[in-house]
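J.: In case you want the letters, here they are:
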Amino acid sequence: MKKLQYILFCFLLFGYGCNDDAFLDRPPTNILSEAQVWSDEGQVLSLLGNLYNRYYDIASVKDWGALGDFNEAFFSNAGSYGNFQNSGWGLGSWGSWDYGYIREMNLFIQKCEAANKLDPETQKRFLAEARFLRASYYFELVKRMGGVPLILEPLTYDFGGDPSYLQYPRAKESELYDFVISEAEAIKSILPALPTEKSRATRGAALAMQSRAALYAGSIAKYGGKTPTVALKGGEVGIPADKANGYFSKALDAAKAIIDGEAGNYSLYQKKPDLSENFSSLFYDKANNSEVIFADDFKLKSGKVHGFTIANQPRYGAEEEEGGRLNPSLNLVESFEKLDNTFAPIPTHAGAGTPLYYENQTDIFAGRDARLAGTVILPGTAFKGRNVDIWAGFQLADGSIISGDDRGAQKILPGKSTPEQVVGFDGPIDGFEFTAQTGFYLRKYLDPVVGSGQRGVQSEVWFIRYRFAEVLLNAAEASFELGNLGDAATYMNQVRARAGLIIPLKSSEITFDRIVHERRVEFAFEGHYLYDMKRWRIAHEIMDGNPISLQELREDLGRATKRNTQPWGLWSYKIHHPGSPSHGKWLFKPVKLSRVTGADRFQLGNYYSYISDEVINNNPKLIRNPNH
Amino acid sequence: MYTQFIFKLRTTTLAVLLILMAMLSCKKDNYTEPKTELSGSIVYQGNPIELEYDQVRMQLWQPGFGKLAAIDAPISQDGRYSALLFKGNYKLVFPQNQGPFITLQKNAEVKDTIYVNLSEDTVMDIEVLPYYMIRKAVVTKIENNIAAQVSLDKIIQDEQAKDIESVTLFLGRTQLVSRANNIAKTEKLGSELKDLTSIMLSVELPSLQQTDIYARVGVKIKNVEDMIFSKVEKVKL
Chain A
1 MKKLQYILFC
11 FLLFGYGCND
21 DAFLDRPPTN
31 ILSEAQVWSD
41 EGQVLSLLGN
51 LYNRYYDIAS
61 VKDWGALGDF
71 NEAFFSNAGS
81 YGNFQNSGWG
91 LGSWGSWDYG
101 YIREMNLFIQ
111 KCEAANKLDP
121 ETQKRFLAEA
131 RFLRASYYFE
141 LVKRMGGVPL
151 ILEPLTYDFG
161 GDPSYLQYPR
171 AKESELYDFV
181 ISEAEAIKSI
191 LPALPTEKSR
201 ATRGAALAMQ
211 SRAALYAGSI
221 AKYGGKTPTV
231 ALKGGEVGIP
241 ADKANGYFSK
251 ALDAAKAIID
261 GEAGNYSLYQ
271 KKPDLSENFS
281 SLFYDKANNS
291 EVIFADDFKL
301 KSGKVHGFTI
311 ANQPRYGAEE
321 EEGGRLNPSL
331 NLVESFEKLD
341 NTFAPIPTHA
351 GAGTPLYYEN
361 QTDIFAGRDA
371 RLAGTVILPG
381 TAFKGRNVDI
391 WAGFQLADGS
401 IISGDDRGAQ
411 KILPGKSTPE
421 QVVGFDGPID
431 GFEFTAQTGF
441 YLRKYLDPVV
451 GSGQRGVQSE
461 VWFIRYRFAE
471 VLLNAAEASF
481 ELGNLGDAAT
491 YMNQVRARAG
501 LIIPLKSSEI
511 TFDRIVHERR
521 VEFAFEGHYL
531 YDMKRWRIAH
541 EIMDGNPISL
551 QELREDLGRA
561 TKRNTQPWGL
571 WSYKIHHPGS
581 PSHGKWLFKP
591 VKLSRVTGAD
601 RFQLGNYYSY
611 ISDEVINNNP
621 KLIRNPNH
Chain B
629 MYTQFIFKLR
639 TTTLAVLLIL
649 MAMLSCKKDN
659 YTEPKTELSG
669 SIVYQGNPIE
679 LEYDQVRMQL
689 WQPGFGKLAA
699 IDAPISQDGR
709 YSALLFKGNY
719 KLVFPQNQGP
729 FITLQKNAEV
739 KDTIYVNLSE
749 DTVMDIEVLP
759 YYMIRKAVVT
769 KIENNIAAQV
779 SLDKIIQDEQ
789 AKDIESVTLF
799 LGRTQLVSRA
809 NNIAKTEKLG
819 SELKDLTSIM
829 LSVELPSLQQ
839 TDIYARVGVK
849 IKNVEDMIFS
859 KVEKVKL
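From first to last, the protein sequence lines stand for chains A and B. If you're matching positions, the first sequence starts at 1 in this note's numbering and goes up one per residue. If you're matching positions, the second sequence starts at 629 in this note's numbering and goes up one per residue.
Incorrect hints may have been included.
Unchecked claim - Label pairs and their calculated CB-CB ranges: (1) A:T354 x B:I784: 51 to 57 angstroms; (2) A:K233 x B:Q777: 39 to 45 angstroms; (3) B:E665 x A:N617: 25 to 31 angstroms; (4) A:N617 x B:R801: 56 to 62 angstroms; (5) A:E614 x B:D753: 47 to 53 angstroms.
Stated by the list, open to error - The calculated DSS-like cross-link candidates involving lysine-lysine, where the alpha carbons are at most 30 angstroms apart (straight line), are: (6) B:K816 x A:K592; (7) B:K816 x A:K233; (8) A:K256 x A:K243; (9) B:K719 x B:K816; (10) A:K592 x B:K719.
Just so you know, these hints were derived from the structure itself, not from any lab. Each residue gets a CB set at the ideal place from its N, CA and C atoms; glycine is no exception.
Could you build all of it, start to finish, from the sequences and the hints given here?
T.: Pasting the structure below:
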């Protein structure tokens, strides 16, 4: 009986096992097939999400160092002091060559076009979004590398041993810009005019990209002549000067389209009565933010968060034992105008060297552009409801200084018997990382939400790629370049009024220097500075390798090519002189930190990044960038 | 017993480890290191071109080994270069627009490439055509100032000629004196220069804890990135 059972069992096994081919031919449970993906909107959207996440930013809240480079800030981080001890940047800096990303965008476009089970409207929108992302990356490439091969379909190697049919030469720089502009033109009517959508491409985002790209191309055409050696004969780098005005009018048209509401209602963020607070909350307020056009969004508890607040929060009372890395430099701080539209250094001394005394630490910064306090945490101001404790020590009657070498160090002052605190818990202490070594902390993009400074929580503040103020300043610059100073003043004054500069600039006051300055202060720590300096061809003048003297630091504050090779700091001291009227008041001293020993020089070869030997070996049709 | 066991374990493990190491580790290197030196100076008519530390470089290319990558040979501030190489054939070039000079074009085919057949240590000076040469730079201490008297020679006179942007006297604590590395400087713009053979520069001495100071004069040429310098002079204080 038992034997029979075994035999029966074996039969059953064979019967089940092998008589059906379909048994072995199972659909995989861990991979989606092409057909499955391209028939489901949700799947296509997640593919697109992958492409969105690979968007390239020259600087972002994901990388605090890149956001504060070029001496707009000192890095209060022991591992980063080398940035201020060298003399510039390697030729390969800022390079990018991700044709894998381009190929996947091209594949997406090819397959999305062929898909026939999607809702046609949605399909069109997906396609337009992918084209937006592809144009965005080509825009990024042309800014960094100049003209690159323009590949608009997925290339596949046939393993035939001869890859030469895959080798494309570099396109002209102007062709790349033309491509970005024409793509934006083509997709803007397909994309939704939806100002509430910030993290996906919208009509506003396409127009903003078009405006920026045309403006960049126009200024390269116009100012490229300043650096004749930064050009290639074939036009891979450099744009003929006669194209400048064409680009400027395209930039103006695209900007005007947004201003006139063709992409929905965008406006400057003006929710809060305190203008400085208003300016800083523009960057973290994600509820009905009317200014933001396109952003890299983050979300708590989703895995996509960032540690920008951890890296840069004021060290005193921080939620982790770190912070304070980006210390805005005095160079930047003093470039914020006074409310009467004039430039003046931070008044530390009256005329011939007598120091000025202040009742409160913040008094010295009074009467300036509201964006200063919105961008920088000044000594005497607060973050997350707690005052920062930034002061360098006591100055005695004879001018000697009593200070400590640890945060909040204590010493006995003359005439007293008990030790007391002689330096702030936020520093500044020379060479002590995470303290406000320049005397300032960064405020822009810091998240005031509790927990944002904790490693286990982090921050969901977004990184803004396009915002309405840029559109206005693009319009102002394009109008200026086209000779329409009146319009330029009108556009620029809107942005300035939001910052408390309510005396309008007259059209006669709009100059190149004004345009350059306005963008520097409005977009500080937003990743614009490098590209702006590059397209105006002033980077090598601003960073010419010469150290900055104190005298020089205070001169020519509004000049476009003002030297910015080393970050300076501003330290505040309390007067200890019982019996004198100045006792207990504050005085300020500009300092050059001991860790700052180098002076940056932007080489002509830095204008366009080095194309690596590996890339050139693989494709001998590529020519090298100028000065490499 | 117990200690003996540990001892035994230790010696045997050690022995095994040593044998394993000897067996598994490769030789120190797969290749012998390059030993042949190519060196020389960048010169104009036998006079070295003085430059800035770590700013001007040459490239050596060795074709015939698959993918190409340049071997950079930096040029020191007194115009010398050197590279340790394997024996073989090299092409020596300057990257575009390097240095305060133009390279000599031999003919249409090879342009300015220099072919080097390296079979032994070689000293080879490379002739270039500088825009300007500093013929004389006399540096003296006059009271609390360092003064320099400079004489310039405009070498390139044809349509490739370029104007002087500025002439600068730099002082440094060490022998490395450059734009990025100096403690005092004074500058004269090219437009202020009347007589190139006699340019006077003078800069106030900063307070110093040392008995001598290093000085040199640099000339910045319009639209040329690298400056040409005079020899570093040591001045007794």
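J.: Broken hints, numbered, in rising order?
T.: 4, 5, 7, 9, 10
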